[in-house]
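Asks: Two independent chains are provided; combine them into the complex using the hints.
So the protein sequences, as listed, match chains D and H. In this text, residue positions in the first sequence follow my numbering: the first is 1, and each later residue adds one. In this text, residue positions in the second sequence follow my numbering: the first is 1, and each later residue adds one.
Derived by calculation from the structure, the hints in this document are not laboratory data. Hints may contain errors.
Said to hold, decoys possible - Distance windows between CB atoms, simulated:
id : chain 1 : residue 1 : chain 2 : residue 2 : range
1  : H       : Tyr318    : D       : Ile137    : 52 to 60 Å
2  : H       : Tyr184    : D       : Leu8      : 52 to 60 Å
3  : H       : Tyr318    : D       : Leu171    : 32 to 40 Å
As the list claims (entries may be wrong) - Covered by chain D, per the in silico footprint, the following chain H stretches (three or more residues, Cβ under 8 Å):
id : stretch
4  : 130 to 140
5  : 231 to 243
6  : 269 to 282
A virtual CB, placed ideally from N, CA and C, is assigned to each residue, including glycine.
Single-letter residue listing:
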Amino acid sequence: MSPTMTGLIQVVIGGLADGGVYALIALGVSLVYSISRIINLAQGGFVVLAALLAVSIQQWLGVPPLVTVVIVVPLFALLMAVVERLVMAPAAARATPDRMLLVTVGVLQAIGGLLLLVWGNLPYTMQPFSGDTAITIGGVRIVSQYLWIIGALVVTVAALWFLVQRTSLGLTMRATASNPEAAALQGINVGRIRLIAFSLAGAMAALAGTTVIPATFLQFSTVTPYAVAGFIAAVAGGLGSNVGAVVGGLVLGLLQGLFSRYTSGDLAQVIAMAVLIVLLLVRPTGLLGKKSEVRR
Amino acid sequence: MTTREHTTHPGAPATGLPASRERRVPARPVRLVTALVAAAVALVLPLLVPGWLGLLVIAGIFFLIVLGLNLLMGYAGQVSLGQTLFMALGGYGAGLLTLRWHWPTLVAMIVMAGVSAAVAAGLGTVFLRLRGYYLALATLGLAVITESLASGLTGFTGGPSGLVGVPSLHLGPWEIFSDQANYYLLLVVCGLGAWFVGNLQRSQTGRALSAIAADPAAATMLGINASRYKTSAFVVSAVYASLGGSLYAFYLRFISPEVVGVTVALSIVIMLALGGARTLVGPLLGALVIQGLPEVGQSFASWSPFVAGVVLILVITYLPRGIWGTVKKLAER
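Chain H on its own, in the form it takes in the complex (with noise of 0.2 Å):
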């Protein structure tokens, strides 16, 4: 199949343009050598710019995160604001449980993982009955709930001041304590997660989550359980939220309630709809852009909070598709 067809909704979060012309999708061949330098590219980066590699690790996590939840909001239309509550339960959970319990870093990150996908999958059923404003408030609720769980439970998560001391990754031998092991990792990690959302989008569950975003009741009425597929949804933006998390503990070693905040969990929608919702490369880019803002130049710091406020109201009204997705409608022409 070399075309797919495109469907967009009013609700959708980043599109928004009507597109439901059949459009070309790039033949297999270029695909391939576009994902073969595009890899390369990131194999040489730590060594052209030794000193972003932090910067990039955590644009790295972040563009996880985003990608968990481009599937939930840009695929299947369904807003929520409470990815943070996820990104607590992988990082406090792997911290906790090596920290005081000594499992090992692996073994935590993914056990927490699978604990946040139960728990998405219980809230998901009750929640996402809720629909556009009320989903995003309620999920905001969980935000607010996750932040101030972080810094009020002070026995157990180390309260205001965070949980530190949280050891590093092992994978078998090999501990990942430097930027650069970080980084290599984090483009395995990143690599698989695209793959993934890569593949389901073009599979016959990605098309079922475009039709619920589009028109639920026809897409109902096709038989698509409209609620299985978004729990689904919700329970695989859940786990990418989680390892996020946890990479994110065990990189830092430390992790308080100011990285689960509030204003995380809306950066997070922010980095979405900024880099362009529905492809692979706007998560990255927004992450890359957000992240990145404050480390422009020292004087520039104060200034990024601003910035970014004022890029994502232009972009959100002028550039509908985000910035990656306007770029594509550009190449396309």
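Pulled out of the complex, with its shape left as it was, chain D reads as follows (with noise of 0.2 Å):
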């Protein structure tokens, strides 16, 4: 292969990789949103928080760093029941939608803000799950964490299409999705399935940050970029939708990949964003959304 494809090759992998940590954002938005009605802006910043955790769990406990994923994502999903029931759902019971977005801007502020007084303004990283290896294919050199990556995804994404389509559960998050009222009326607790939708998550988010760490470096002012991506996968792909979810976060990562090839990072940022705006007026209720309450 000549220089230029697997050159073209690799950034599409990096775009892929990055891509796969948004679909994973944007997946715990996209369902958090479906139960509840609430964008939750914040789960970016769960991200970056897990990420932090993982780093320093990794340290204090000196295990491997695939171990950090079975300690953080557990805690991570009582972590978000706990702000569900201490945050969202006092405020959803009082607040606006419009105005729940703004409270879930608090949390992701209250999130950097903690991060800024545990681990200071440096930047953190980790060791990769299995060391620095690097596969090569046909000359493409794949960081192996990408791998990781990518198989958390496919992992969250086969999980939650079993929990949805093929256990009761997911039959009563369907019917609270579809019509929060009438499933009430069936004798469903929209609490409780709710606190599990915060719940999962959560869970998505420390795998999220868990997975991502050994590949880039994240610190109290990476919540903001994270944030933003997911929410703009999960609006992008149709909000409720975990398909365009997913759909959503891969092609922003391979888009921000693709366009920081031949522009500076900065400017691909504005080409993402500008493709993400324009799709936005002219399909209005993303990739695979449904709902057609978006413009008036």
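Replies: Pasting the structure below:
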């Protein structure tokens, strides 16, 4: 293969890895939205929090990096349940949906502040799960951690699909998503379903954070880019659509990756945003969304 | 008219409680006295707390920007997370025009306010068709684009390190250089800005905006041209943000991507929600709290982002009218 071709493939793979993280964030945003109609802008913030926590746990305990996943994921499932009970539920009972967005902005801000307090303003990273290995296929070098990220996404999508489509809990979740009032009248405990949705989103955030940190550097100021990317991927894919969230995330990562090959990273960001804004104006329900209450 | 109708609506970012009953507005003399006392305090403030002048100037700049957003978000009910675009147009535009082409500072500021108005009019007709979350998302996209362009167009904007050596504002023979001069300038500008928004709010336009926020379909049926009013509110908010951005650049004599970053865009919205939308004092209070928090103490500075987040959550959840809206409500009892 020619060097330009291998270079291009390498860019595509890097973009897909970034996109995989965005997709994991967007899945969490989308799941929570479909159940509670809350857009949790803070989802991306929890990813960075999980990542830095994994770094610290790895250092304290001296365990292999992969083990931190097993510790941080359940921890965040619990943390998100606590956040739902302490912050989201009381706020949602009082505030309108527009104002709920501001509550999640507050949560995002608080997470950024907490990161600054505990970890300071230095960037952190961690050893890759399977060491500093890379796989070379036909001249294309793939960092092994990228495979872990894509693997995490695949496992999450499969598990979520199984849960939603093949279990009775999934059935009640779908009922709640399609009509919370009717679901409540059927005897479904909507509050509990919400708690479960947030808890699952917490686990996804933790999975995203722990798998991405070996491939990059994160610090308190990276919460906003992740939050924005996840939010945009979720809306671009069509809010409430899980497939849409995954596609939206991967496309966003790919766009950023491809454009940053030909321009600077900043201008790539501009082009990616412009594409998404145009998409929103032309096809406001997102790539795979169904709702049509976007424009008047 | 001593009464006015106070309309609220589910989508209003900072109201939220039904309050469609008639409310007494203080009689004219009372309002006049209050305004005079406030003006007197503002005039002597530099003598009382000389060490805080820098903070007051920055808070004043954000007060101006939040006042503009108040019109769009508080009265017209349209969430914009992208006000930094117009701050950047005002700040970078005025900086570049004066630095590269040696335009007079005042002319540069006014021209950029005009440019911002034109950009807002263009964007507004397209963007304001979106509603709720989708408008928030599109404007958030604008904020991301703004920050990225500011740091990406290195040859033009000076890149991540910013634009250094912007001149101070010149008004005729005077150079507005010191903290004190900037403070009094902002006092005048913010006073005029608040006066304009205050009058607008009590005018036919203000009622039309509230009607649009409450129920766009009903407003249209009453013959209100919703898209024209919303775009006008967006244009005014853009002019306020642009003037704020220009004054910021002239005061700091510097502007960088960080000044017009996404974090700043979010904090402008936080200031409005915190202080209380649909009031004039709320934006001032919000700007003072958010800008003042890091100044409370050296050891507190690192705590301030965390505290700001927690305060926002608590205020939105338990004080839907914001701090000032709640105070006002309690005083009316």
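Asks: Against this structure, judge whether each hint is valid.
Replies: Consistency of the hints with the structure:
{"no.": "1", "hint": "H:Tyr318 with D:Ile137: 52 to 60 Å", "in the structure": "holds, 57 Å"}
{"no.": "2", "hint": "H:Tyr184 with D:Leu8: 52 to 60 Å", "in the structure": "holds, 59 Å"}
{"no.": "3", "hint": "H:Tyr318 with D:Leu171: 32 to 40 Å", "in the structure": "holds, 36 Å"}
{"no.": "4", "hint": "130 to 140", "in the structure": "holds (count 9)"}
{"no.": "5", "hint": "231 to 243", "in the structure": "violated (count 0)"}
{"no.": "6", "hint": "269 to 282", "in the structure": "holds (count 3)"}
Checked against the numbered hints above, the structure violates only hint 5.
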